[in-house]
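In full-length UniProt numbering, the protein residues as written are 1 to 246.
Hint data in this document are derived by calculation from the structure and do not stem from the laboratory.
It cannot be assumed that every hint is accurate.
[Unchecked claim] Cβ pair distances, simulated, as ranges:
# : residue 1 : residue 2 : range
1 : 128       : 106       : 42 to 48 Å
2 : 164       : 108       : 20 to 26 Å
3 : 46        : 110       : 26 to 32 Å
4 : 143       : 38        : 25 to 31 Å
Model, not experiment: these values are computed from the prediction.
Every residue, glycine too, gets a C-beta built ideally from N, C-alpha and C.
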Amino acid sequence: MTRKKHLKTAVCMTVATGLLFVGFSANAQESANDDLNSCVKHEQIVSTAKGVGIGALTGLTAMLVSHKKDDAVKGALIGAAVGGVAGFATAYYTAVNTCFKKNPAWLPESDIQRTKDYDNVKRAIKYKPAQGIITRAESVEVGGTVKADGQANVSSSFILMTPDGAEAPVTIERKLYSVSDDKETEVPFPGRTSEQHTFEPGEQKDTVHIPIPHDAKAGSVYRVQFSVAAADRPPSVASQTFTVKE
Numbered sequence: 001m002t003r004k005k006h007l008k009t010a011v012c013m014t015v016a017t018g019l020l021f022v023g024f025s026a027n028a029q030e031s032a033n034d035d036l037n038s039c040v041k042h043e044q045i046v047s048t049a050k051g052v053g054i055g056a057l058t059g060l061t062a063m064l065v066s067h068k069k070d071d072a073v074k075g076a077l078i079g080a081a082v083g084g085v086a087g088f089a090t091a092y093y094t095a096v097n098t099c100f101k102k103n104p105a106w107l108p109e110s111d112i113q114r115t116k117d118y119d120n121v122k123r124a125i126k127y128k129p130a131q132g133i134i135t136r137a138e139s140v141e142v143g144g145t146v147k148a149d150g151q152a153n154v155s156s157s158f159i160l161m162t163p164d165g166a167e168a169p170v171t172i173e174r175k176l177y178s179v180s181d182d183k184e185t186e187v188p189f190p191g192r193t194s195e196q197h198t199f200e201p202g203e204q205k206d207t208v209h210i211p212i213p214h215d216a217k218a219g220s221v222y223r224v225q226f227s228v229a230a231a232d233r234p235p236s237v238a239s240q241t242f243t244v245k246e
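Take these sequences, add in the hints, and give me the full structure.
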C-alpha cells in the first residue's frame, strides 16, 4: 500500500473511532433542567471531538516521522483515545460553564441562610467593636457520599461582625480544583463563582451542589474552596477535599 493510501486509511479510521468514542462518552451528568442537560451534552461532545482530533493527529504524525508506516493506523487510534480521555473531565466543567454563560437565567440562585445571630457569635468569638468589621470563613463540609453521575453537597459557614450590628456587603468566591499526584488544576466552578451580598452580622451558611461527571473514576479527588471578604480586607479562605466513591 502506498504512503498516500496509508494516510487516507489512517485518517478515515481516526475519524470513525473518534466519533464512536464520543458517542460512548457523551452521557453527561443529568440535570434537573432538561435544557441545561442537553446543552452540556452538546458542548461536551464538541470539546471531546476537538480532543480526539488533536490526539489523533499527534499519534499519526509521530508514527510517520519515525517512518513506521505499518503502525500509522495504530498510532492514530491510540492518539485519538488518549486525546479524548485526557480532556473529558475538564471538558465537562467547561461545558457547564459555557452553557451558563450562554444562558445566564439557568444559573442556580444562591442558597445562603443565617444560622446564628449577632449576639450568639459575639459571645462565641469574644468580639469587641474596636475590632471593626470582621469576616471569616469558618468551615467547608461535603455531606454524604460523592459518586459519579451524582452531586457533591457543599456547605460553607462564615461569620460577619460589625461594630454597631449594622448590615455590611460581603464578597463571596467559590473555586473548584481537580487534585492528582499532589498537583491541583483549577476547573471552571459549575455555578456562581463570585457574588456580593449585604448580610446581617452573625453566622451564615452557603450551600451549593457540584455535579460530578458521569465518567468520573472512583478515587478522583477534588478540592472546593470558599472565601469571604469585606471592608477592603484580605479574604478569609476555607476549603475541603472530597473523593469520588464507587
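Of all the hints numbered above, which does this structure not satisfy? Sort the numbers upward. Of the numbered hints given earlier, the structure breaks just one, which is hint 2.
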